[in-house]
Each structure stands twice: as C-alpha cells, then as structure tokens.
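*Asks:* Residues per chain are reported as follows:
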Amino acid sequence: MASKHVKTALAVYESFNKRDLNQAVAHIAADVTWIDHGRGITSKSRHEFKATLAGWIEGFSDGQGTDFTAHDAGNTVIVQFTGRGTNDGAMGPAPATGRRASVPMVDIVTFDSKGKIIRGESYFDMLGMLVQLGLAEAPTM
Amino acid sequence: MSKNVDAVRAGFEVWNKRDLKKAASFYAENATLVDHSRETTYKGRDQIIGSWDELVKAFPDAEATDLKTYDAGDTVVTTFVGRGTNKGELMGMAATDRRVSTPVCSVARFDSKGLIAQEDQYSDTFSLLVQLGHAKAPVQA
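Read top to bottom, the protein sequences are chains A and B. Note that the numbering used here numbers the first sequence so that position 26 is 26, with each residue one more than the last. Note that the numbering used here numbers the second sequence so that position 11 is 152, with each residue one more than the last.
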C-alpha cells in the first residue's frame, strides 16, 4: 500500500496533468527549494515552483507526466516518470517547434515533519529533449 | 544503513579507485543499466564495464562525489556529482582538457540475492557539452 508521502507526491503530478496548479502546489512548503538540474534553475519558494510548472505548460500545452513509478524512502519519495507533450509554445528563448517530445525523468521529493514537500530535485536530459525538438544535434556516440 | 545501501556505497568507492571489475561484482551477471542521457541500455556485467571503460578513457580522473543515498527497500536511489577532466575523446568529440561536474541520479533495483538487477541513470548531457565548450549557453527552458 502506498504511503501517505507517496500519495501526496503522486497527487502533485495528477494535479499538474489536470492543469490544477493551485492543487499541485497545495502540499508544497512555502519555502521549498526545488532544483531542476535539467533546466538549470532553482525555485526557492512555492510561488517560484508554481511558475516553473506554468513554464512547462506554456511550452507544452498538452504536457503530461506518465508511467509513474514511486519509491518510498521514508521522508523522501523518488518518482520516475516520462514527461510527454507537444512543444506548441515558447520555452524561454526557444520558439515553439510544433514537435512532440518524450523525456524520462526522476524527481527526488523530500517531506518535512508537517507532511509538506520541503525540497525537490529533478533530473532529466535536456539534450535529449532539444534533439527531439530539432533544437540541437545528437552527438556521435 | 541497509545492506543494499552498503552495497551501493561500496560499489561507488571501488569505482572511484578504478577497480571496475569489483564495482561490477555488485551487479547481477545479467543486470541491465539504462543510461537515459545516452538513450543506451547496457546488458550484463561486460557491457556495463565497457561503458565505464569508455567514460574513464574520456575522463581518467573521473570520480563520483557528494553521494546521497535513499533507502527504498529493494531499491536504492543515489544522487551524486560526477566530476572529471576531459583528457580523451568523448562521443566522437576531441578532448578539451576542461573539468566538468554533472549531477547524476541513479535508481538501482536489487534482486533477492542482494545484487543490482537494474539501474536507471539520469543526467543532463547538454550541460556537460556546454562545460566542455561543445555547445553554446543553455537554452533556458
């Protein structure tokens, strides 16, 4: 049976998929730190984190998290998933490409004693996403 | 600390000492290592060692530092920083002699014998290429 923290963590993605960002951040602490290693940005508050979620939707209006696997490590929940969507909006300086992308991701989500998410880290390969969007070339392997 | 966490930490320790065969002994013979940043799956100890050999040729002083482990029972999640100096060819690109550091997340699932059956690794190749001078400033997504 999924723990309370696992349910709470997965509820963030579920709310994101439903485009209910207020609900997505309902269990995020006001002073959360969330490091997105793929995008190279750090959110230092619930407000900033919500803005990063909005940024994804701006770039991928149909963006969804899919294929979740959650690992319960006590105060920390690790969530593996695939981010999918169509790049129909600008992402920072990059214009919309109209292309679809599918990117494996993992989040490390840590809870405080009140059951709020106090820290997060996201790992994914930005290059893989840029290559799918036609914004970068794949290196020779 | 659990036995699985001990195994993961011991694996990193011997890897840093370049005892790659010993590091591979923590994996099942038919283990699978999925490197999501290279979209490559290595099957079995020999292929896994081969992937490490390739990495060490490019970064002879490569080491995993700042390990954090999360114990989720049969699964151990590790975040670390991969550091090294690019002294050899990497993905078809000439050595740059530059130092790099890359955040990495590893999700290792253990079998009933206490060996790693599957590992998923997540990191960002784009930031690596930028540090090496092979790509221009990151596109802020």
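Incorrect hints may have been included.
[Claimed, not checked] Dumping the calculated EDC-like pairs for lysine to aspartate or glutamate here, alpha-carbon to alpha-carbon at most 20 Å:
| hint | chain 1 | residue 1 | chain 2 | residue 2 |
| --- | --- | --- | --- | --- |
| 1 | A | 116 | A | 48 |
| 2 | B | 228 | B | 202 |
| 3 | B | 209 | A | 112 |
| 4 | A | 4 | B | 194 |
| 5 | B | 158 | B | 194 |
| 6 | A | 18 | A | 72 |
| 7 | B | 144 | A | 72 |
| 8 | A | 50 | A | 14 |
| 9 | B | 209 | A | 14 |
| 10 | A | 7 | B | 238 |
| 11 | B | 163 | B | 252 |
| 12 | B | 277 | A | 14 |
| 13 | B | 184 | B | 195 |
| 14 | B | 209 | B | 147 |
[Unchecked claim] Here are a few chain B residues that face chain A, going by a calculated C-beta distance under 10 Å:
| hint | residue |
| --- | --- |
| 15 | 156 |
| 16 | 162 |
| 17 | 166 |
| 18 | 178 |
| 19 | 208 |
| 20 | 209 |
| 21 | 212 |
| 22 | 213 |
| 23 | 237 |
| 24 | 241 |
| 25 | 246 |
| 26 | 264 |
[Unchecked claim] What the simulated footprint calls covered on chain B by chain A, stretch by stretch (three residues with Cβ under 8 Å from a Cβ of chain A suffice, anywhere in the stretch; the number is not a length):
| hint | region |
| --- | --- |
| 27 | 194–205 |
| 28 | 220–234 |
Worth flagging that the hints you see were computed from the coordinates, not collected in a lab. All values reported here derive from a predicted model rather than from experimental measurement. By construction, the Cβ of each residue, glycine as well, lies at the ideal position given by its N, Cα and C atoms.
*Asks:* Does each hint fit the structure? Answer for all of them.
*Replies:* Here is how each hint holds up against the structure:
1. A:116 x A:48: This hinted pair holds, its Cα atoms lying about 16 Å apart.
2. B:228 x B:202: Cα-Cα ~9 Å, so holds.
3. B:209 x A:112: holds (18 Å)
4. A:4 x B:194: violated (42 Å)
5. B:158 x B:194: holds (13 Å)
6. A:18 x A:72: With a Cα-Cα distance of about 24 Å, the restraint between residue 18 of chain A and residue 72 of chain A is violated, given a limit of 20 Å.
7. B:144 x A:72: Distance of about 17 Å is within 20 Å: holds.
8. A:50 x A:14: With a Cα-Cα distance of about 14 Å, the restraint between residue 50 of chain A and residue 14 of chain A holds, given a limit of 20 Å.
9. B:209 x A:14: violated (28 Å)
10. A:7 x B:238: This hinted pair is violated, its Cα atoms lying about 46 Å apart.
11. B:163 x B:252: holds (18 Å)
12. B:277 x A:14: With a Cα-Cα distance of about 35 Å, the restraint between residue 277 of chain B and residue 14 of chain A is violated, given a limit of 20 Å.
13. B:184 x B:195: Status holds; Cα separation ~15 Å.
14. B:209 x B:147: Status holds; Cα separation ~12 Å.
15. 156: Where the cut-off is 10 Å and the nearest Cβ of chain A is about 19 Å from residue 156 of chain B, the hint is violated.
16. 162: Violated, about 24 Å.
17. 166: Because about 24 Å separates residue 166 of chain B from the closest Cβ in chain A, which is outside the 10 Å limit, the hint is violated.
18. 178: holds (4 Å)
19. 208: violated (13 Å)
20. 209: At about 8 Å, which falls below the 10 Å cut-off, the nearest Cβ of chain A leaves the hint on residue 209 of chain B intact, so it holds.
21. 212: holds (6 Å)
22. 213: For residue 213 of chain B, the interface hint holds, since the closest Cβ of chain A sits about 4 Å away, which is under 10 Å.
23. 237: violated (13 Å)
24. 241: Where the cut-off is 10 Å and the nearest Cβ of chain A is about 14 Å from residue 241 of chain B, the hint is violated.
25. 246: holds (4 Å)
26. 264: The hint holds - residue 264 of chain B has a Cβ within 10 Å of chain A, the shortest such distance being about 7 Å.
27. 194–205: As far as the region 194–205 of chain B goes, the hint is violated, because 0 residues have Cβ atoms under 8 Å from chain A.
28. 220–234: Held - the region 220–234 of chain B has 4 residues with a Cβ nearer than 8 Å to chain A, which meets the minimum of three.
Consistency note: the structure conflicts with the earlier hints numbered 4, 6, 9, 10, 12, 15, 16, 17, 19, 23, 24 and 27.
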